[in-house]
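Chains as they are written, first to last, in numbering that gives the first Met the number 0: chain A, 0 to 641; chain B, 0 to 641.
The reader is advised that the hints may include incorrect statements.
Said to hold, decoys possible - These stretches of chain A come out as covered by chain B in the derived footprint (C-beta under 8 Å, 3 or more residues):
#, stretch
1, 125-136
2, 212-221
3, 402-408
4, 411-418
5, 497-504
Please keep in mind that the hints were generated in silico from the structure rather than gathered at the bench. Where a beta carbon is used, it is the ideal one built from N, C-alpha and C, also for glycine.
There are 2 protein chains.
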Amino acid sequence: MGTAEEIRTVLDGRWEEVRQEVRSRLDPETFAPPLSTLPLDEHRQRTLQAVLELTQTDFARNGLTEEQGGTNEHGASVTAFEMLGHADLSVFVKAGVQFGLFGGAIANLGTKRHWDAYLPGMLDGSLLGSFAMTELGHGSDVQSLLTTATYVPETDEIEIHSPGIAARKDYIGNAARDARMAAVFAQLVVDGENHGVHCVLVPIRDEHGNPLDGVTIGDCGAKMGLRGVDNGELTFDHVRVPRLNLLNRYGTIDDDGRYHSPIENPSRRFFTMLGTLVRGRISVAGGAGAATRTALTLAVIYGLHRTQFHTPDGESEVRILDYRGHQRKLLPRLARSFALMLAQNALVEQMHRIAAGEESSEDAQRELEARAAGIKALTTEHATDTIQVCREACGGAGYMSVNRFADLKADTDVFSTFEGDNTVLLQLVAKGMLTEYKDAFHELDTRGAFFFGARQVTEAVIERTIGGSLIQRLVSGSPGRDGDDALTDRGGQLDLFEDREKHLLETLAMRLRRAGEEGADGFAIFNDAQPHLLLTARAHIERVVLEAFVAAIDGMPDGESREIMERVCDLYVMSTIEAERAWFVEHGRLSAQQSKSVIVAVDTLCAGLRPHAQTLVDAFAIPLAWRETNLMEFLGEAGPDA
Amino acid sequence: MGTAEEIRTVLDGRWEEVRQEVRSRLDPETFAPPLSTLPLDEHRQRTLQAVLELTQTDFARNGLTEEQGGTNEHGASVTAFEMLGHADLSVFVKAGVQFGLFGGAIANLGTKRHWDAYLPGMLDGSLLGSFAMTELGHGSDVQSLLTTATYVPETDEIEIHSPGIAARKDYIGNAARDARMAAVFAQLVVDGENHGVHCVLVPIRDEHGNPLDGVTIGDCGAKMGLRGVDNGELTFDHVRVPRLNLLNRYGTIDDDGRYHSPIENPSRRFFTMLGTLVRGRISVAGGAGAATRTALTLAVIYGLHRTQFHTPDGESEVRILDYRGHQRKLLPRLARSFALMLAQNALVEQMHRIAAGEESSEDAQRELEARAAGIKALTTEHATDTIQVCREACGGAGYMSVNRFADLKADTDVFSTFEGDNTVLLQLVAKGMLTEYKDAFHELDTRGAFFFGARQVTEAVIERTIGGSLIQRLVSGSPGRDGDDALTDRGGQLDLFEDREKHLLETLAMRLRRAGEEGADGFAIFNDAQPHLLLTARAHIERVVLEAFVAAIDGMPDGESREIMERVCDLYVMSTIEAERAWFVEHGRLSAQQSKSVIVAVDTLCAGLRPHAQTLVDAFAIPLAWRETNLMEFLGEAGPDA
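Kindly generate the complete structure, drawing on both the sequences and the hints.
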């Protein structure tokens with residue numbers, strides 16, 4: 000096995016076979032990315048067709064338990080969909096709506112009667128559905144949705160109603176054209192009492208595709224990207240559905256018209272329900288990562304062949320990836336893509352263990368949700384940044400639609416704000432950290448104990464789920480912060496990331512503690528601390544990502560492949576520290592001299608990895624059919640890379 | 000006059016009247032941005048129509064001297080085109096190709112015979128033209144173009160030829176559909192000798208629009224944006240044109256078939272020719288700035304009205320621009336837009352003085368070119384970054400085409416790599432700085448003198464063209480680097496920016512000096528220093544931008560408007576330092592404590608400017624017709640801002 004192959008198997012992870020099957024099996028004609036020059040209707044039709052083709056695969060069925068008619072192979076399911084992110088992102092998203100969101104709502108919020116009635120149609124495409132959560136007035140603040148689902152005892156029905164334009168369901172995928180049914184999130188009112196947001200299955204179109212009585216469907220029309228996805232608007236005017244259409248796993252109305260829930264606290268119930276939908280967020284991160292790898296593959300290969308300007312001796316033209324500035328654009332981002340992919344793999348494994356019933360605890364679920372939120376935020380942000388830089392790295396050629404960056408950019412752009420706005424998600428991560436911190440801290444009520452115990456508490460809070468004992472060993476064996484090689488030793492690097500997270504969390508908790516004091520302006524204190532809070536979440540996720548990288552390398556045998564991966568990991572670490580080095584110096588973690596040495600280290604690592612650039616993108620193993628361009632139309636005078 | 004009006008007049012600058020005329024005069028039907036959902040052909044036709052309408056204005060004629068049939072109002076011309084950047088960017092670019100690039104080549108590289116023969120048709124639209132410089136094989140490296148223009152004494156003609164695919168003229172605006180003639184850049188060969196790149200006018204289509212013999216025209220087809228611009232490819236197969244079609248201001252072939260040039264050195268001649276085309280680069284920066292202001296206007300107003308999540312007391316929903324995180328996304332970028340606009344105004348004035356003959360020296364021209372390159376790089380980079388953030392700040396609504404961000408992003412994206420790739424431009428800036436530094440340093444050959452004199456030399460090299468004496472006074476009066484208010488005092492801030500530039504330049508010069516040493520690997524030394532070199536250029540341009548801001552405020556009377564502008568300037572300064580604060584600490588310019596205080600200062604300035612956010616975007620005075628969206632379809636429960 001060559002070096003690229005060896006690295007590919009590490010990146011492919013536990014579901015390598017699934018990835019290999021998708022690479023070889025999906026028909027390029029149907030799944031290769033079309034140019035967005037197709038007329039909108041044709042693009043939508045083509046996308047629907049591809050989604051229907053997917054019903055011939057096991058992708059979606061693998062994501063259901065046996066009781067739901069599936070195979071309980073959740074990780075395989077998510078991995079297969081992730082691979083679609085290399086191909087056509089409209090198909091990726093529309094399939095995500097059908098199988099992940101609509102299907103996921105039925106599977107996770109419904110009970111056996113819903114599984115039996117609707118999952119077969121969801122799987123074979125005979126029942127196309129939407130996931131109607133977001134409203135015009137409330138996107139991120141799902142708890143404040145305005146749509147109501149009122150139980151009508153007289154007819155044993157539930158009445159869905161949109162009170163005003165702010166209640167209009169908006170940007171709903173599959174709604175403008177194809178969906179026959181929608182999983183509608185609404186305030187459930189029983190006997191005059193509001194039990195909070197629940198999900199109800201509402202038919203929206205008849206078999207001819209016409210809106211049903213009381214349902215008004217709008218078309219969001221042209222979007223920046225994802226043109227193959229028919230996003231629409233849904234408004235309900237006192238639409239009645241049978242009581243049994245309530246997805247009633249976490250809240251039900253009994254035959255006597257009384258509301259029951261296994262979770263007493265309405266807020267806890269709400270967050271439990273949302274939490275079961277975490278897979279959508281994980282999938283978006285996966286698709287964003289895949290699209291980013293496509294862009295990097297194109298730009299790196301272009302940079303290896305394109306020449307521009309002569310060497311000082313005038314003898315030959317320089318390949319642009321030989322320029323340090325160009326290396327600095329692409330290689331640290333390539334390293335970060337490796338890191339995020341390995342973290343994503345670990346996240347999918349974690350999700351799989353819980354979904355398959357191999358692991359089950361509230362803590363594990365809570366941690367999964369936080370990591371999914373954080374990795375989704377960082378991966379989609381990385382996608383936007385990196386695809387942009389890759390486009391620019393290909394100059395005018397990068398601007399032509401035929402070379403893919405136009406669609407890659409436009410399609411992934413919305414990933415940073417859908418399935419959870421990234422800023423809101425990072426807040427969620429930080430709030431979770433604060434809750435744990437508070438839980439672990441029993442003596443919070445006396446100031447003295449607070450200061451005394453802070454560090455021990457964070458020690459307990461910092462969890463090392465991925466490769467826990469390995470990481471512990473590395474950190475313990477590190478030369479310590481003042482050692483000369485603190486920055487180059489893996490344990491020292493881990494310690495640096497972890498120490499930063501702890502410090503940020505401790506000081507954040509201290510700041511926010513004031514909000515509880517007598518007469519304090521809670522909003523003002525929280526608001527002033529918001530940048531600090533967001534930084535804490537980032538530091539946490541960077542640490543989790545690094546741990547995943549270290550754990551993945553640990554499984555590799557010694558040799559060239561491992562050596563290269565160690566350098567890629569170094570580049571991820573050093574470029575991450577470089578971007579935040581001001582913080583490390585401000586807080587006495589790095590001296591000014593060490594801080595400068597980080598810049599030099601990034602340069603050196605870029606130069607050292609330059610000869611392996613082709614190997615690194617080969618390891619992504621993206622089928623040629625999914626990355627056809629005319630970027631290689633003219634290779635430059637230097638010809639193919641040596 | 001209200002506050003917004005007062006600030007508008009400062010931002011509008013010397014050509015305020017021109018801006019006001021454009022705001023009120025351009026027909027919204029023709030110039031309002033169309034959605035990119037128009038079929039490609041219709042979009043191109045609409046764009047051509049708008050460009051033809053512009054022939055009814057003075058925009059282009061103002062950019063020519065009286066001898067060329069113009070009015071010598073160069074600044075007014077560039078300012079009017081800049082305003083088009085608020086409207087339809089395809090029109091902006093296509094007009095730029097016709098009047099700026101094609102017309103500019105004739106005006107600046109041609110002589111009276113070309114002006115008389117072609118400028119009237121260029122102005123009235125009867126002669127549509129292209130600017131055929133870029134080739135598939137060589138974009139940034141214009142000096143290495145492959146197309147040849149060979150003098151044929153037998154018939155007194157010039158033969159244009161494309162030797163191979165790398166020589167194909169590519170991405171040429173106006174070429175795919177409309178141009179009848181192209182200004183073709185090619186290696187001029189006379190009597191077997193290559194005199195370097197010159198420009199020749201070559202007819203490419205007959206009156207029916209069919210390609211002429213020997214001319215092959217391709218269509219670049221779909222692009223990421225600028226769909227109204229018909230970019231194409233031109234290949235020449237031994238195409239002959241009369242000798243007099245050579246634009247011969249800087250190099251001519253006499254009646255005896257001999258080559259003459261007023262500039263002996265071929266490289267100097269080449270750069271002089273390119274230098275005269277600086278206006279295109281200035282215009283791109285102007286258009287990028289305008290588009291950015293449109294995006295900021297939309298996102299800020301949305302943030303002022305859109306509510307999401309409740310206050311802790313649960314009483315009302317929070318306007319999203321009240322969140323510190325949201326303020327930090329938009330307000331520092333708003334401040335930077337102010338800074339860059341004022342720097343752009345100063346740049347246009349400088350260009351105008353030289354073009355109108357009010358000022359003329361090689362130094363002034365060289366400085367203009369460097370500033371144009373630097374401000375173009377920073378302004379277009381700012382556009383890409385800011386429009387993206389504005390899109391995200393509007394969530395799902397920002398993704399809908401009707402809300403403009405899709406086209407604003409896609410249209411401006413290429414600005415960072417056309418009219419000079421930003422990285423190449425920043426290198427150009429730094430190289431200019433190094434040349435000056437070397438020129439000023441006479442004792443460069445002895446190591447001792449080098450160290451001794453370095454600081455004095457940079458003092459001489461740092462030029463303060465904008466508001467020179469004012470800046471000098473402020474810097475001299477500053478409390479000094481160690482004073483408590485070094486960071487808040489304007490003179491102290493200027494000193495900080497200037498000191499950084501000096502240090503970067505001195506150390507860069509020292510690094511590169513080694514390249515000249517015996518046996519040194521020149522490319523390796525240059526390449527290792529490339530990030531340092533790019534940083535030096537950035538530091539220089541940031542200083543120039545700050546000086547322009549300070550000079551613009553200096554003209555304002557005391558009062559609320561000035562007070563607000565001072566705070567906007569502070570925010571520009573503090574957020575710029577914040578992003579680079581690691582450098583300041585690493586080099587002993589800021590203590591760790593001061594560095595932290597910069598973060599707090601940005602937070603405080605954001606909070607302080609939040610109440611003036613509406614005023615600040617009102618000061619951009621972008622006509623409503625050019626920024627129509629449905630973002631205000633639902634304002635949120637809070638209703639209009641107080």
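Can you give the numbers of the hints that this structure goes against, from lowest to highest? 5
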